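Got chain A; can you put chain B on it based on the hints?
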Amino acid sequence: AQTVTQSQPEMSVQEAETVTLSCTYDTSESDYYLFWYKQPPSRQMILVIRQEAYKQQNATENRFSVNFQKAAKSFSLKISDSQLGDAAMYFCAYVTNFGNEKLTFGTGTRLTIIP
Amino acid sequence: DAGVTQSPTHLIKTRGQQVTLRCSPKSGHDTVSWYQQALGQGPQFIFQYYEEEERQRGNFPDRFSGHQFPNYSSELNVNALLLGDSALYLCASKRGTATDTQYFGPGTRLTVL
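In the order they appear, the protein sequences are chains A and B.
Numbering of the first sequence is given in my numbering, commencing with residue 1 and proceeding in unit increments.
Numbering of the second sequence is given in my numbering, commencing with residue 1 and proceeding in unit increments.
In short, the hints are calculated from the structure, not lab data.
Treat the hints with caution; some may be incorrect.
Taking lysine-lysine and the DSSO-like style, the derived pairs with C-alpha atoms no more than 30 angstroms apart in a straight line are [claimed, not checked]:
no.	chain 1	residue 1	chain 2	residue 2
1	A	Lys55	A	Lys73
2	A	Lys55	A	Lys78
3	B	Lys26	A	Lys78
4	B	Lys13	A	Lys55
5	B	Lys26	B	Lys13
6	A	Lys70	A	Lys55
Computed from a predicted structure; not experimentally measured.
In isolation and in its complexed conformation, chain A is listed as follows:
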């Protein structure tokens, strides 16, 4: 079975500090895409960052970056200079190619920002 594991149900970080959220996944496919989505209390699932598995370079989007370790099937999210607006549930997800286009999500990590 293809799964996504987020082992940290809750994390907290001081405002302006850096935090890393962990994610591991299990797939037998070689071609896939990984995502981090953010879900604030408003419920809207917002894309944070995307990584193509065939790319060795880690994706970055402003204060957000990933550490993609393909051999270890690990995909962690680093948030630098944490802001109050970063408080949300964070979900790791992946989708494989070749007709299997459903997103498989982890159970999420609740991130709290301490002022």
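Below, chain B alone, put in the same frame as chain A:
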């Protein structure tokens, strides 16, 4: 540029009833997927529609059905509602059949009493 929209925002039904949820995709998108998110869980894939046909289906019973219209909007229908169907229902859209990024709507919160 309008994003993905869903209606209604909230819905309360009783067991055994039927419900229809609606989704309009982001401009330029032609593929719509539906997900069920139970409280405290990640979203679970229900099915995906492209060119008005169901392309892929998750592990959900036949009580869950859908439809896609020529303008790419979509409906999710759930028959014979159970208490366990209470959840947030999310619609996501993307372009074409490639692994393009899926963009989500705000969801419909369904409560079954």
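Each hint tested on the structure:
1. Annotation: proposed proximity of Lys55/A to Lys73/A holds, straight-line Cα distance about 14 angstroms (limit 30 angstroms).
2. Between Lys55/A and Lys78/A, the direct Cα distance comes to roughly 18 angstroms. Compliance with the 30 angstroms bound is thereby established for this hinted pair.
3. Taken as a hint, the Lys26/B and Lys78/A pair is honoured in the structure, with Cα atoms around 29 angstroms apart against an allowance of 30 angstroms.
4. A distance of roughly 47 angstroms separates the Cα atoms of Lys13/B and Lys55/A; the hinted pair therefore is violated under the 30 angstroms criterion.
5. With a C-alpha separation of about 28 angstroms, the suggested pairing of Lys26/B with Lys13/B holds against the 30 angstroms cut-off.
6. Only pairs whose Cα atoms come within 30 angstroms are accepted, and Lys70/A paired with Lys55/A is accepted, the gap being roughly 10 angstroms.
Hint check: a violation occurs at hint 4 only; the rest are consistent with the structure.
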